[in-house]
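A.B. asks: First to last, the sequence lines map onto chains W and P. Sequence positions in the first sequence follow my numbering and run 39 to 435. Sequence positions in the second sequence follow my numbering and run 8 to 151.
Keep in mind the hints are simulated off the structure, nothing from the lab. Keep in mind the model is a prediction, meaning the values are calculated, not measured. A virtual CB, placed ideally from N, CA and C, is assigned to each residue, including glycine. Watch out, some of these pointers could steer you wrong.
[What the hints assert, rightly or not] The calculated EDC-like cross-link candidates involving lysine to aspartate or glutamate, where the alpha carbons are at most 16 Å apart (straight line), are:
no.: 1; chain 1: P; residue 1: K97; chain 2: W; residue 2: E287
no.: 2; chain 1: P; residue 1: K97; chain 2: P; residue 2: E64
no.: 3; chain 1: P; residue 1: K42; chain 2: P; residue 2: D53
no.: 4; chain 1: P; residue 1: K97; chain 2: W; residue 2: D288
no.: 5; chain 1: W; residue 1: K98; chain 2: W; residue 2: D52
no.: 6; chain 1: W; residue 1: K44; chain 2: W; residue 2: E193
[What the hints assert, rightly or not] Derived coverage of chain W by chain P (criterion: at least 3 residues anywhere in the stretch with Cβ under 8 Å from a Cβ of chain P; other residues may be distant):
no.: 7; region: 160-171
no.: 8; region: 206-214
no.: 9; region: 221-231
no.: 10; region: 281-291
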Amino acid sequence: MHRFGKFPALAIQDLAREAIWQAIGDAGIDPRVIQIAYVANCYNGFFTGQLDAVAPIAVKYSGLTGIPLIHVMGGSGSGSVAFHDAVLAVASGQYEVALALGVEKLYVVGDPARSISAIQTSGEQSVATELGMTWIGDLTISARRLMHRYGWTQEDFALVASKNRQNGALNPLAELQEPITAEEVLAARVVAYPLTRPMCSSAAVDGAAAAIVCSREAAGRLLRTAAGPLVRAAGLSLAGARYVSNRTEDTRPGMLSMNEAPVAFAAAYKQAGLGPRDVELAFVHDAIAPEELLSYQVLGLCEPGEEAALLRSGATRLDGRVPVNTDGGLIARGHPIAATAFGQIYEAVVQLRGRAGARQAYPSNGRPPRVAALQNAGAQGGPGGGVAVSSALLLTT
Amino acid sequence: MEDPTKASRPVAEGLFETGGSDSDLPFLIGSRCRKCQEVVFPQMSDCPNCVSHDTMERYRLRGHGHLRDFVVAHRGPTGFAVPYVQAYVKLDDGPVVYTNLDGIDPDESRIELGIEVEMRIGVVKTVDGVDFVGWTFHPVERKS
Numbered sequence: 039m040h041r042f043g044k045f046p047a048l049a050i051q052d053l054a055r056e057a058i059w060q061a062i063g064d065a066g067i068d069p070r071v072i073q074i075a076y077v078a079n080c081y082n083g084f085f086t087g088q089l090d091a092v093a094p095i096a097v098k099y100s101g102l103t104g105i106p107l108i109h110v111m112g113g114s115g116s117g118s119v120a121f122h123d124a125v126l127a128v129a130s131g132q133y134e135v136a137l138a139l140g141v142e143k144l145y146v147v148g149d150p151a152r153s154i155s156a157i158q159t160s161g162e163q164s165v166a167t168e169l170g171m172t173w174i175g176d177l178t179i180s181a182r183r184l185m186h187r188y189g190w191t192q193e194d195f196a197l198v199a200s201k202n203r204q205n206g207a208l209n210p211l212a213e214l215q216e217p218i219t220a221e222e223v224l225a226a227r228v229v230a231y232p233l234t235r236p237m238c239s240s241a242a243v244d245g246a247a248a249a250i251v252c253s254r255e256a257a258g259r260l261l262r263t264a265a266g267p268l269v270r271a272a273g274l275s276l277a278g279a280r281y282v283s284n285r286t287e288d289t290r291p292g293m294l295s296m297n298e299a300p301v302a303f304a305a306a307y308k309q310a311g312l313g314p315r316d317v318e319l320a321f322v323h324d325a326i327a328p329e330e331l332l333s334y335q336v337l338g339l340c341e342p343g344e345e346a347a348l349l350r351s352g353a354t355r356l357d358g359r360v361p362v363n364t365d366g367g368l369i370a371r372g373h374p375i376a377a378t379a380f381g382q383i384y385e386a387v388v389q390l391r392g393r394a395g396a397r398q399a400y401p402s403n404g405r406p407p408r409v410a411a412l413q414n415a416g417a418q419g420g421p422g423g424g425v426a427v428s429s430a431l432l433l434t435t
Numbered sequence: 008m009e010d011p012t013k014a015s016r017p018v019a020e021g022l023f024e025t026g027g028s029d030s031d032l033p034f035l036i037g038s039r040c041r042k043c044q045e046v047v048f049p050q051m052s053d054c055p056n057c058v059s060h061d062t063m064e065r066y067r068l069r070g071h072g073h074l075r076d077f078v079v080a081h082r083g084p085t086g087f088a089v090p091y092v093q094a095y096v097k098l099d100d101g102p103v104v105y106t107n108l109d110g111i112d113p114d115e116s117r118i119e120l121g122i123e124v125e126m127r128i129g130v131v132k133t134v135d136g137v138d139f140v141g142w143t144f145h146p147v148e149r150k151s
């Protein structure tokens with residue numbers, strides 16, 4: 039993983055090669071055994087005009103050639119789709135070893151509105167973003183409804199933000215590494231009430247992360263010098279947004295990034311033969327702090343309405359029984375859109391292997407976690423056409 | 008029908024009309040399903056509700072409804088002067104549409120959910136000297 043942050047001097051291939059060679063080194067494989075690569079990237083075309091050939095550019099400067107390259111786009115869920123497809127490619131038996139990565143450059147020196155304009159292109163322009171809709175605004179509107187429904191407060195959002203910033207302070211790969219107290223979060227500049235700046239992730243960041251995917255059989259043969267125990271993708275499911283009639287009540291969780299997550303997690307839990315009680319570590323899509331609160335419910339970590347109580351109990355802190363976003367989450371790690379899901383996967387693997395150093399979670403009996411749940415979603419489209427993909431991933435040792 | 012020399016253009020074609028022959032009021036162009044009567048916006052030919060092919064017909068959506076949600080945005084993309092009010096309006100005809108609110112103070116404490124709003128067609132943003140024309144909603148003023 040290349041650190042997430044502001045790197046105006048680096049191109050996508052510079053970020054990608056750091057992530058790719060780290061993954062190769064970590065897996066302990068000869069790079070020549072990689073047979074296919076999936077590259078998630080959303081906005082290279084927006085900033086450079088280079089719409090296609092993104093996958094070749096991201097991969098060939100790492101010296102890897104002679105393999106099929108697939109470019110994946112799907113908003114914030116791009117990385118999950120790339121990983122999903124790499125897993126299917128290997129599971130099908132067609133390929134033995136796949137490389138999957140996410141790389142994004144979104145930081146523009148001195149022009150934050152330009153970064154917002156870039157991510158706006160993931161929305162349906164004609165009926166939403168060209169008229170003024172922003173993702174932050176849309177999510178904030180949902181958060182306000184949920185505050186009313188579940189009794190969440192602005193203080194709860196501040197608690198999520200300070201928790202994740204404290205975790206980020208222990209993560210040398212995080213964008214933001216300065217801790218911040220809940221009081222400081224509440225006193226910060228309002229972005230859209232009730233959200234203050236530290237409760238929102240920044241998409242104006244760059245970064246890359248990569249994973250090597252192979253079958254268990256190939257792993258035994260090829261990964262002789264892996265940096266730690268193998269991690270298994272035990273459950274993996276994508277769900278898409280369904281249309282809900284405007285003459286009926288929408289009974290989904292009530293937030294763009296979370297609405298289809300229960301469907302995805304039900305499938306992933308079933309596939310893995312696991313349930314929410316088995317989860318010892320979670321990574322969730324906290325583009326804004328209220329999304330993390332709602333995720334506790336959609337992952338099954340608590341009953342609907344118990345989210346704030348779970349947070350306030352400390353259960354989701356680094357020293358809690360089910361730590362959430364140990365790397366700082368989107369809020370502190372940063373949210374370079376197509377790279378985000380790989381940032382989650384990277385941290386989950388490090389934690390499951392017990393190699394997270396100062397931020398290692400020991401949720402049960404002083405040993406590293408054994409089951410991690412990863413939630414991510416990609417917004418594309420506009421109101422009512424909501425989310426292109428919602429991803430549920432269960433990683434186990 | 009984009010003309011690069013024109014200083015004004017709609018955000019997209021086929022979304023609204025500024026006023027019909029039998030009415031002076033502007034309207035949004037949606038569709039209604041012959042089979043299940045679902046009304047959607049923007050226009051579609053195939054119904055996402057009953058999943059039927061070619062069952063939807065053009066349907067005029069009156070630019071009138073109620074404020075379902077809003078938020079005052081203090082940051083925005085290129086072309087929008089902040090602060091501005093982002094909102095969702097539940098149209099009397101069914102669909103919920105995204106809109107900016109105008110004719111209203113962008114002050115959280117002074118905007119009420121559920122108020123009656125109506126549409127006007129006008130400039131929503133200006134980028135590189137080009138006015139983009141779309142819709143906004145504003146509170147209905149009751150003359151006493």
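A.B. asks: So which of the earlier hints does this model not fit?
C.D. replies: Of the numbered hints, 2, 6 and 8 do not hold.
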